[in-house]
Structures are given as C-alpha cells and as structure tokens.
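Q: Single-letter residue listing:
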Amino acid sequence: MRYLSEYRDPEVARSLVHQIRDTATRRWVMMEVCGGQTHTIVKQGLGELLGDAVEMIHGPGCPVCVTPLEQIDKALALAARPDVIFASFGDMLRVPGSDCDLQQVRARGGAVRVVYSPLDALALAQANPDKEVVFFAVGFETTAPANAMAVWRARELGVPNFSVLVSHVTVPPAMRAILDAPDNRVQAFLAAGHVCTVMGWTEYEPIAAEYRVPIVVTGFEPIDILEGIHFAVRQLEDGRHEVENQYVRAVTRAGTVPARSLVEQVFRLADRKWRGIGEIPGSGLVLRDEFAAFDAEAKFGLGDVTVEEPAECRAGDVLRGRLKPHQCPAFGSRCTPEHPLGAPMVSSEGACAAYYNYGRFREMEVVGRGS
Amino acid sequence: MTLATSGLTCPAPIGSNDRVQLGHGSGGKLSAALLRDHFLPRLGNPILDQLGDAAVLSLPTGEIAVSTDTFVVRPLEFPGGNIGALAVHGTVNDLAMMGAEPRYLTLGVVLEEGLPFEVLDRVLAALAEAAAGAGVAIVAGDTKVVERGRADGMYINTTGVGLLHPVVRPAAHRAAPGDAVLVSGAIGRHGMAVMALREGLEFETTITSDTACLWPLVRGLRDAVGPELRVLRDPTRGGLASALNEIAAASRVGIALDEAALPVPTDVGAACEMLGLDPLYVANEGVLVAMVPATLADAALAALQAHPLGAGSRRIGTVVSQHPGMVVLRTALGGTRVVDLLPGDQLPRIC
Chain A
1 MRYLSEYRDP EVARSLVHQI RDTATRRWVM MEVCGGQTHT IVKQGLGELL
51 GDAVEMIHGP GCPVCVTPLE QIDKALALAA RPDVIFASFG DMLRVPGSDC
101 DLQQVRARGG AVRVVYSPLD ALALAQANPD KEVVFFAVGF ETTAPANAMA
151 VWRARELGVP NFSVLVSHVT VPPAMRAILD APDNRVQAFL AAGHVCTVMG
201 WTEYEPIAAE YRVPIVVTGF EPIDILEGIH FAVRQLEDGR HEVENQYVRA
251 VTRAGTVPAR SLVEQVFRLA DRKWRGIGEI PGSGLVLRDE FAAFDAEAKF
301 GLGDVTVEEP AECRAGDVLR GRLKPHQCPA FGSRCTPEHP LGAPMVSSEG
351 ACAAYYNYGR FREMEVVGRG S
Chain B
372 MTLATSGLTC PAPIGSNDRV QLGHGSGGKL SAALLRDHFL PRLGNPILDQ
422 LGDAAVLSLP TGEIAVSTDT FVVRPLEFPG GNIGALAVHG TVNDLAMMGA
472 EPRYLTLGVV LEEGLPFEVL DRVLAALAEA AAGAGVAIVA GDTKVVERGR
522 ADGMYINTTG VGLLHPVVRP AAHRAAPGDA VLVSGAIGRH GMAVMALREG
572 LEFETTITSD TACLWPLVRG LRDAVGPELR VLRDPTRGGL ASALNEIAAA
622 SRVGIALDEA ALPVPTDVGA ACEMLGLDPL YVANEGVLVA MVPATLADAA
672 LAALQAHPLG AGSRRIGTVV SQHPGMVVLR TALGGTRVVD LLPGDQLPRI
722 C
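Residue numbers (the working numbering), protein chains in the order written: chain A, 1 to 371; chain B, 372 to 722.
Hints in this document: simulated from the structure, not taken from any laboratory. It is possible that part of the hints are untrue.
Unchecked claim - If you only want the chain B side, here are some residues facing chain A, beta carbon under 10 angstroms, derived:
id, residue
1, D513
2, E518
3, E573
4, D649
5, L700
6, A703
7, G706
8, R708
9, D711
10, Q717
As the list claims (entries may be wrong) - Okay, the calculated bits of chain A under chain B, using three or more residues with CB under 8 angstroms as the criterion:
id, region
11, 9 to 19
12, 295 to 303
What the hints assert, rightly or not - Using C-beta positions, here's what the derived DEER-type ranges look like:
id, chain 1, residue 1, chain 2, residue 2, range
13, A, D130, B, S429, 54 to 64 angstroms
14, A, A127, B, P450, 51 to 61 angstroms
15, B, R623, A, T23, 38 to 48 angstroms
16, A, A250, B, G715, 48 to 58 angstroms
17, B, I435, A, D83, 27 to 37 angstroms
18, A, L323, B, D513, 51 to 61 angstroms
19, A, L269, B, G715, 56 to 66 angstroms
20, A, L323, B, I435, 39 to 49 angstroms
21, A, D304, B, E518, 42 to 52 angstroms
22, A, D83, B, H678, 54 to 64 angstroms
23, A, A250, B, I435, 57 to 67 angstroms
24, B, G715, A, D83, 24 to 34 angstroms
25, B, R445, A, R153, 20 to 30 angstroms
26, B, P450, A, S333, 43 to 53 angstroms
Heads up, the beta-carbon is just placed ideally off N, CA and C, and yes, glycines get one too.
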C-alpha cells in the first residue's frame with residue numbers, strides 16, 4: 001500500500017499528538033466536517049489519544065446521514081415500481097425511510113442495485129432499454145462531478161430511460177448554519193479534503209474572515225487528521241483565523257476546474273432540507289432546466305412529496321454538535337444500529353453509531369475498574 | 372414439450388452434450404447419464420458405487436459430529452477455487468472446528484437448466500480433489516435440475532460426518548481470560564477474491580481465495596495442545612470480527628486484539644480501501660482462530676507453522692476478563708475501538 005502506509009505511521013502519529021498537546025494551552029473545540037474523517041477518528045481511536053487538548057465534534061458531512069427523509073421516501077417509492085431499476089451507492093440501502101428501507105424494498109421484489117459509480121447506472125440503463133433506471137445522486141461536492149458526468153453522458157448518448165433522484169448538498173452553507181447557531185461551540189473546522197479537491201478553498205476564505213474561525217483543509221488518513229488538528233490548534237493559540245491547507249497532495253486553491261465547471265453546467269444551487277437540521281438556504285444542488293428530462297422527481301411526478309421527520313430523533317442536535325449522541329433519550333434503547341430512528345445511527349460514519357460502540361466500551365471499562 | 376422433427380433445427384438437439392437440460396433431472400435415461408458421465412467417474416468409491424437408497428457406513432465406537440452447509444456462491448468459479456472446493460472445505464472445516472476428524476460427506480446438487488457441462492465438470496473435479504485432500508469419501512448424493520432463471524448456475528449442499536476426539540473438545544464457550552488468540556494465516560482473501568470478480572475490479576495482482584481444508588492444522592493442534600485446545604473457529608461469513616464476537620458472547624469474556632498483529636495482505640487491504648470495506652468482516656475459507664492458554668501458545672504456533680497452510684500463523688490478541696461479550700481493538704496508533712457485530716451485510720461506503 002504505497003502512498004498510504006506513510007500516513008498511518010504510529011511514530012509520526014505519536015509525535016503529532018505530543019505536538020498538539022504541547023501547543024494547546026486550553027481545551028479547544030473543533031469540528032471535522034466530513035464523515036470520512038469521522039470514520040478515521042473513530043476507527044483509529046484518535047479522540048482518546050488527544051485527551052483533554054482537543055474536543056472533536058463530528059460534523060454533518062456524512063451524505064448518508066443528512067439525506068432528508070422525504071428524498072429517502074421518494075427513493076423507496078421509485079424502487080418499488082415494477083418498471084424501475086433503482087441504482088444506489090451501497091450505504092444508502094439501510095437508511096430508514098418513513099416505514100422501511102431499500103433493502104426491505106428489494107426483499108419485496110423491488111429491483112435495487114448497488115453500484116460504485118453513476119456511470120455504472122448509466123450502463124445499466126443502456127443494457128435495459130425496457131426499464132427505467134434511476135440513480136440516487138446523493139452526496140456533497142465530492143460525488144457531484146461524477147453524477148453530473150452521468151447526466152451529461154446520458155444526454156450526449158441519448159439514453160431516455162435514465163434519470164437521477166438528486167439529493168446533493170454543499171458544505172459552505174452548512175458551516176455557516178453551524179456558526180450562526182446561538183449556542184455554537186465550534187472554534188475551528190477541519191474542512192473536507194475531498195470536497196476541496198473538487199472545489200478548492202476560495203469559498204472558505206470569506207467564512208474564515210467573517211466568523212474569525214480557523215479552517216484547515218484536511219485529508220483522511222490518521223496523520224492527515226492529526227496534522228490538520230495541529231494546524232488548527234496553532235492558529236487558535238496564535239489568534240489567527242486563516243484557511244490553511246494540510247492536504248497539499250490533493251488540493252489546490254482553485255480546485256479541479258474541469259470538474260467544477262461540469263458541476264456548474266449540470267446543476268444549480270437551490271434550497272435543500274438536511275435530515276435532522278431542516279432547510280438550509282442555497283445548500284443544495286438540483287438539475288438545471290436543460291437537464292430536466294433526467295430529473296426523476298419530474299419524470300415520476302414526485303416533486304411535491306414532503307415528509308415530516310419523527311420528533312423523537314434528535315439527529316439535528318447531534319449533527320450540529322449541540323448534543324452528544326449518548327445524551328439523546330432514545331440512544332441505545334429505542335434507537336440502535338439494528339433499529340435506527342435516524343441516519344446517524346445507520347451509517348458507519350454516523351456519530352450515533354460511533355458512540356453506540358465507544359460509549360458501551362467506556363461504560364464497561366468503568367464497571368471493570370470498579371469491581 | 373414439442374421435440375424438433377424433420378426439417379427444423381433445434382438449438383439444443385437431443386444428444387447435444389454441452390449443457391444441462393431439464394431432462395437431466397427427470398429420473399430417466401438422461402439422469403442416469405448425468406451420474407454415469409459426470410459424477411461417478413470423479414466421485415465414485417465403493418460406498419457411493421452401490422447407488423442404494425442410503426449409504427451404509429461402519430464407524431468406530433465413540434461419538435460422531437454431523438454438520439451441514441449449503442453453498443450459493445456467485446460467480447461459481449473464482450481465482451483460487453470454485454463452488455465445488457468450497458462445498459467440501461466449508462463442511463469439513465465445520466467438523467474440524469469441533470476437533471472432529473472428517474470422514475464422510477453427502478452431496479446434494481441443484482443444477483440450473485443451461486449450465487455448461489464444462490463448468491459442472493470443473494466444479495466436480497475440484498470437489499473430488501478437495502475431498503481426496505481432506506480424506507473424506509462422498510457416500511451419498513442427489514441431483515435436481517430447475518428451470519433456467521431459478522438458480523445461479525448451481526447450488527450445492529454437503530453434510531459431513533466426523534469422528535470426535537474423546538477428550539479434545541474445543542467449543543466457543545470455553546475461552547478463558549489469559550488465553551492467547553491465534554490465527555492461522557492471512558485474512559480476507561476469499562471474500563475479496565469473490566468481490567473483486569463480481570465488481571469487475573482489476574488490481575496489479577489477482578487476489579486468490581484461501582479455500583482449504585483445515586483438518587491438518589487441527590490435527591497438529593490437537594496433538595500439540597491436547598484438551599487445553601479451548602476454542603476453534605473458522606471465520607467464514609462475517610469474517611474474523613464476527614467469529615470473535617460470537618466467542619466473546621458465548622464465553623462471557625472480552626477479547627483484546629492488536630491491530631498491528633492482524634495479518635491483512637497488502638492486496639486485500641488495498642481492495643478493501645477502495646471499496647470502503649473492513650477486512651475484519653470479510654469472509655475466509657481457509658483460516659482458523661484458536662484460543663489456548665498463554666503457556667501453550669508457543670507450542671500451538673509451532674504446530675500450526677509446521678504445516679504450509681499455517682506458515683503465516685501468529686498471535687493476534689488475548690482473552691480478557693474486562694468488557695465481557697466485547698471485542699476491543701488496540702489500533703496501530705495506540706487508540707482503541709470496539710469491533711462489533713455488523714447489523715447486516717457490510718455495505719460499501721460512499722466516501
């Protein structure tokens with residue numbers, strides 16, 4: 001695994017942890033935006049290594065977690081249609097809708113296929129001209145170029161039986177929503193490296209300046225994350241608030257211009273609901289009118305479906321860092337990975353699922369020591 | 372059924388010998404030919420050749436172990452093996468994990484109409500080779516043919532009979548705090564070999580399945596460790612993580628794993644990275660986990676390493692009294708995380 005093991009080196013990690021602890025004169029609160037970063041932090045137990053120096057709040061950057069309930073319900077309705085093959089990334093299959101999930105629809109006879117690329121879904125449409133193939137286009141700016149490419153190619157090749165159910169969200173409006181909240185605790189951000197690979201970081205410069213908050217564009221390996229945290233702690237200690245780039249091997253200030261341009265040609269900004277958070281103005285991407293023929297919501301008349309979320313799920317407070325998952329009254333009792341109330345308990349990147357495991361372990365440790 | 376008569380060309384005329392037809396399940400001449408031409412030449416032995424309604428076995432006195440397993444792998448053939456090898460190894464290994472010496476297998480096969488005979492023959496050849504390698508005889512069998520579209524080429528069920536040892540009785544509930552946790556070789560190979568093929572992924576090297584008979588390793592362990600061979604498990608579906616969780620729950624102990632010691636091959640690790648999967652949950656078909664008292668760990672490892680299949684064996688962790696029912700991993704960076712059972716299938720992540 002060349003170019004990967006270097007970023008997991010235990011010696012380098014230990015040295016970075018020491019530097020972070022030595023630099024921090026107080027406990028700083030920062031948020032990693034992306035679910036992929038949350039995954040690394042949980043998988044490698046980084047929170048425990050950082051001790052009292054830094055508190056990490058898991059941000060809203062898991063596309064599985066923030067896809068709104070009504071889009072999930074639309075996906076379920078489409079997948080259940082006999083004339084539809086519904087193609088999706090794997091981890092959307094277990095996200096609970098109002099009364100079931102895509103796996104259950106598949107068990108009842110729905111044609112649900114897991115694909116690794118939206119272009120695979122397009123190929124599926126070409127191979128099944130007598131079926132409608134709908135791809136669930138979810139995710140942040142990271143997945144937007146590939147999804148835009150699939151729609152672009154569908155128009156170019158003239159594939160009339162292909163469409164996309166779009167539930168795209170963008171990061172900067174969500175960061176503003178978090179910072180605008182009256183009880184915000186976040187003092188610095190680790191920005192999502194892969195989002196910035198596409199978009200660059202110019203969008204983050206006004207946020208850093210306006211809110212006086214350090215933003216460090218950060219990668220996904222343990223060394224990346226520890227280095228990103230170190231950069232952010234240094235800024236906080238120095239009283240600086242800049243956009244800094246830790247992920248230099250992948251990200252430039254301008255991003256990947258052809259990918260950005262493709263996204264801009266296919267999608268436009270729109271208001272978008274986030275699961276558990278509610279509507280954030282200008283935070284979503286929808287297809288431009290020129291590509292309306294590939295919009296599954298229009299094609300199948302689903303545009304006006306709205307769904308209210310269950311009141312008991314406090315996912316919004318968790319995703320905004322207001323509530324630790326285990327402080328939720330439903331946590332671990334009425335809401336578990338087997339029977340999730342909300343998406344953060346479903347996704348392997350979800351903050352609630354992560355706490356479910358870690359929290360149980362900590363409880364056991366305390367019991368173990370006491371007895 | 373209307374058969375082709377004069378002047379018409381039937382796409383699969385009678386006598387055409389390259390694919391399984393529904394008639395091969397009719398009980399008539401075609402069925403007899405299926406057995407005569409494909410099954411018996413490869414699998415025949417004095418017991419099976421009787422072709423009676425049931426096999427007659429003579430067994431030494433003592434207790435026997437019986438295990439059954441059904442194999443539905445898609446694709447049927449994959450680098451390192453096929454469903455035939457798997458059908459022998461899967462059941463034989465289940466017997467071996469009880470400390471039992473595998474002796475006999477029955478074979479039930481559901482064939483899908485249209486399956487090419489060349490595929491069937493390769494599967495049966497691998498099945499015969501695996502059975503010979505494991506020292507088991509196929510003593511009873513059954514074939515059925517279903518219409519095209521009603522099975523993925525073929526399904527196989529095998530039931531195995533093995534001889535239990537009078538005193539060496541490994542079981543999932545016998546793990547005790549202080550025991551060493553050993554694994555016999557690299558993890559994740561079978562699952563990733565199949566998945567790479569299914570998803571059309573190509574890597575610089577081809578990941579091959581580890582499908583193998585584990586009985587020789589178990590025999591070595593049985594001799595070296597004796598009754599203190601407390602737990603044996605082959606981490607198949609659900610991978611190492613699921614097997615260890617089941618043991619921790621059954622024995623009401625905790626298991627502490629050392630991530631740096633886990634034998635994850637470079638190619639398996641890279642494929643898992645790409646698909647967003649965790650090798651701890653990926654299926655194995657030729658690896659065993661053993662738990663023995665720490666004082667016997669070296670003897671157990673020496674016994675495993677004496678066989679080529681166990682050359683890569685090593686200690687990966689320890690059974691502890693803390694966090695009962697839970698598997699906790701010490702990460703390479705020094706953090707900890709709980710390695711839980713998955714609620715369902717492992718699903719590839721978006722990012």
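Q: Would you mind marking each hint as holding or not holding in the structure?
A: Taking the hints in turn, this is what the structure says about them:
no.: 1; hint: D513; result: violated (29 angstroms)
no.: 2; hint: E518; result: violated (19 angstroms)
no.: 3; hint: E573; result: violated (13 angstroms)
no.: 4; hint: D649; result: holds (8 angstroms)
no.: 5; hint: L700; result: holds (8 angstroms)
no.: 6; hint: A703; result: holds (5 angstroms)
no.: 7; hint: G706; result: holds (2 angstroms)
no.: 8; hint: R708; result: holds (5 angstroms)
no.: 9; hint: D711; result: holds (5 angstroms)
no.: 10; hint: Q717; result: holds (9 angstroms)
no.: 11; hint: 9 to 19; result: holds (count 3)
no.: 12; hint: 295 to 303; result: violated (count 0)
no.: 13; hint: A:D130 x B:S429: 54 to 64 angstroms; result: holds (59 angstroms)
no.: 14; hint: A:A127 x B:P450: 51 to 61 angstroms; result: violated (26 angstroms)
no.: 15; hint: B:R623 x A:T23: 38 to 48 angstroms; result: holds (44 angstroms)
no.: 16; hint: A:A250 x B:G715: 48 to 58 angstroms; result: violated (33 angstroms)
no.: 17; hint: B:I435 x A:D83: 27 to 37 angstroms; result: violated (54 angstroms)
no.: 18; hint: A:L323 x B:D513: 51 to 61 angstroms; result: holds (59 angstroms)
no.: 19; hint: A:L269 x B:G715: 56 to 66 angstroms; result: violated (36 angstroms)
no.: 20; hint: A:L323 x B:I435: 39 to 49 angstroms; result: violated (57 angstroms)
no.: 21; hint: A:D304 x B:E518: 42 to 52 angstroms; result: holds (44 angstroms)
no.: 22; hint: A:D83 x B:H678: 54 to 64 angstroms; result: holds (56 angstroms)
no.: 23; hint: A:A250 x B:I435: 57 to 67 angstroms; result: holds (60 angstroms)
no.: 24; hint: B:G715 x A:D83: 24 to 34 angstroms; result: holds (27 angstroms)
no.: 25; hint: B:R445 x A:R153: 20 to 30 angstroms; result: holds (29 angstroms)
no.: 26; hint: B:P450 x A:S333: 43 to 53 angstroms; result: holds (46 angstroms)
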